[in-house]
Amino acid sequence: MSAIRVRDVWVEYGDQIVLEGIDIDIASGAFVSVVGPSGCGKSTFLRLVLGQESPTRGTLTLDSTPLPAEPGPDRGVVFQRYSVFPHLTVLGNVLAAYEFGESPFLAKLFGEKRRTASAKAKALIDAVGLGPHAEKYPSALSGGQQQRLAIAQALAKEPKVLLLDEPFGALDPGTRTQMHQLITPLWREHGMTVIMVTHDLKEAFGLGTRLIAFDKRRIDPQAPNRFGARITYDLDLTRDGPVPVLGFSKPVNQLPSVGDDADQ
Amino acid sequence: MRRAMNIVPTPGVRVLLAVLPFVLIAFLYVFGSAERRAANPDDKLLPPVSEMAATITRMATEPDKRTGTIVLWADTAASLQRLGLGLGIATITGLTLGLALGVLPLVGAGLGTLIAVISMVPPMALLPILFIVFGLGEVSKVVLIVIGITPVIVRDLALRTQQIPIEQFIKAQTLGASTWQATLRVALPQVMPRLIDCLRLALGPAFLFLISAEAIAAENGLGYRIFLVRRYLAMDVIIPYVAWITLLAYIFDFVLARIGQWAFPWAYVGERR
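Residue numbers (my numbering), protein chains in the order written: chain W, 1 to 264; chain R, 1 to 273.
In short, the hints are calculated from the structure, not lab data.
Treat the hints loosely; a few may be bogus.
FRET-style restraints, in silico, Cβ to Cβ [to be verified]:
| id | chain 1 | residue 1 | chain 2 | residue 2 | range |
| --- | --- | --- | --- | --- | --- |
| 1 | R | THR113 | W | PHE227 | 36 to 42 Å |
| 2 | R | GLY88 | W | GLY111 | 29 to 35 Å |
| 3 | W | GLN16 | R | THR113 | 25 to 31 Å |
| 4 | W | GLU102 | R | GLY204 | 40 to 46 Å |
| 5 | R | VAL255 | W | GLN16 | 49 to 55 Å |
| 6 | R | ALA257 | W | PHE110 | 28 to 34 Å |
| 7 | R | ARG258 | W | GLY143 | 30 to 36 Å |
| 8 | R | THR96 | W | THR59 | 37 to 43 Å |
Some chain R residues close to chain W (C-beta under 7 Å, calculated; not the full set) [to be verified]:
| id | residue |
| --- | --- |
| 9 | GLN173 |
| 10 | GLY176 |
| 11 | PRO189 |
| 12 | VAL269 |
For each residue, glycine too, the CB sits at the ideal point set by N, CA and C.
Sequences and hints are given; from them, build the entire structure.
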């Protein structure tokens, strides 16, 4: 189980209000896409769940226990960049996840324990399609391969919640499609709750079972920081049929492009 | 005409260009030495290469009449021991403090300013204090080297640690790492290449402090010998000694560079060489 409950959460930096009155329940096993304009607090929300930041007010709970105010092995993360350790090989990166858990002092495994952990790590590396590259350093990998590695690394701890912060934002369209095909089966197989922040609406609709959009409801032109973002749309994407959202009423795969509108 | 920055020498030309300045300097020296000797057979300033070779061979093979040791090797051993101790202590202190400052915000807040201030104290100005406190023996010379180069290493490694993206520390925590584990497996390996670079750059100052300390108060050592024979204008000793010190420093630098490339191949991927 891995249900997240957010109650009346506010995030303020001094005078600036980033998030205000966020209330949301995320069911166990959901794949939640988070969208919204730049700087609206999507990533802040993700960092709250991650424990990298604490709310100014309000509570976050995971399975009815308050979320610890620091990152932990129950919540995995894949960032857009810098997610993997550049000084470790692909195998070393995934192995590190086991070494941190099983070797408190040296954080390094030897002998039989190392072989067992290596086997588990290799299985994960194969699962994300990096099998032939296990001995390479991240600098020798492409952007997509690095993100695959970051995913394998996060899966090693079998986290309850997987947080993705624009994980495919820096990838080319072809690689991005491959990553979409990779992530969905992994999510189903591991039964995690996934929260993915993205700028790509197609990706948000295509992968998620639920989509939430953050935006500022009110804007005071004299004090643009006076009001924070709230959840403006909360859509269940598991229902059949067209999804009425953001002015579009057609199914996602038939969205009209901007160019078509301009011609008319 | 191609831009100058696009003209890359071939390996052969590269070797030739590297050797050329040395040959030129050697030629100028031999020529100058011969000119001066022709004008004044007792000239001390530019002794001929043959004279220097004879002197240094004597110092490297024949035992000293008074002490019974072979002077060159005794001096080298004494100096390298001081240098090694100084560099070793400075490395361990610098690495520990640098990592602590970079990883732990509390330590950074508490010691950061102190170290910034201490690093501004001119080490040579402390030498009299060191002589008073530790006496004229080995300790004061080693401490001078340590005081001279540790602050630089600490500050540089702290900066390097802080350059490691916070994402990596967050990621390590989501993989279950404690502060100690993240320091050991994420921060330490990534500052090691920088430590090697630091040591290479610190070799120059380390020799400077060593020779200064030996010049002022010592009974042996490379710096001691140079300043001793200066009284007799013995350029035939001084010049080979300087060349020997330079060669030692160059070898250390070369070995450190190779160790860095061998042990941390991932760190030098993007570098132009």
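Okay, the hints, checked on the actual structure:
At roughly 39 Å, the beta carbons of THR113/R and PHE227/W sit within the given window of 36 to 42 Å. About 32 Å separates the C-beta atoms of GLY88/R and GLY111/W, a value consistent with the hinted range of 29 to 35 Å. GLN16/W and THR113/R have their C-beta atoms about 29 Å apart, which keeps the hinted 25 to 31 Å range intact. Between GLU102/W and GLY204/R the C-beta distance comes to about 44 Å, which sits within the given range of 40 to 46 Å.
At about 53 Å, the beta-carbon gap between VAL255/R and GLN16/W stays in the expected band of 49 to 55 Å. Between ALA257/R and PHE110/W the CB atoms are about 31 Å apart, so this pair conforms to the stated range of 28 to 34 Å. Roughly 32 Å separates the CB atoms of ARG258/R and GLY143/W, a value that falls within the hinted 30 to 36 Å. For the pair THR96/R and THR59/W, the supplied restraint of 37 to 43 Å holds, since their beta-carbon distance comes to about 40 Å.
The criterion of a C-beta within 7 Å of any C-beta in chain W is met by GLN173/R, whose closest approach is roughly 4 Å, and the hint holds. Proximity of GLY176/R to chain W holds as hinted, the smallest CB-CB distance being about 4 Å (cut-off 7 Å). The interface hint given for PRO189/R holds, since its Cβ lies 5 Å from the closest Cβ of chain W, which is under the 7 Å cut-off. Annotation: interface hint on VAL269/R holds; nearest CB of chain W at approximately 4 Å, less than 7 Å.
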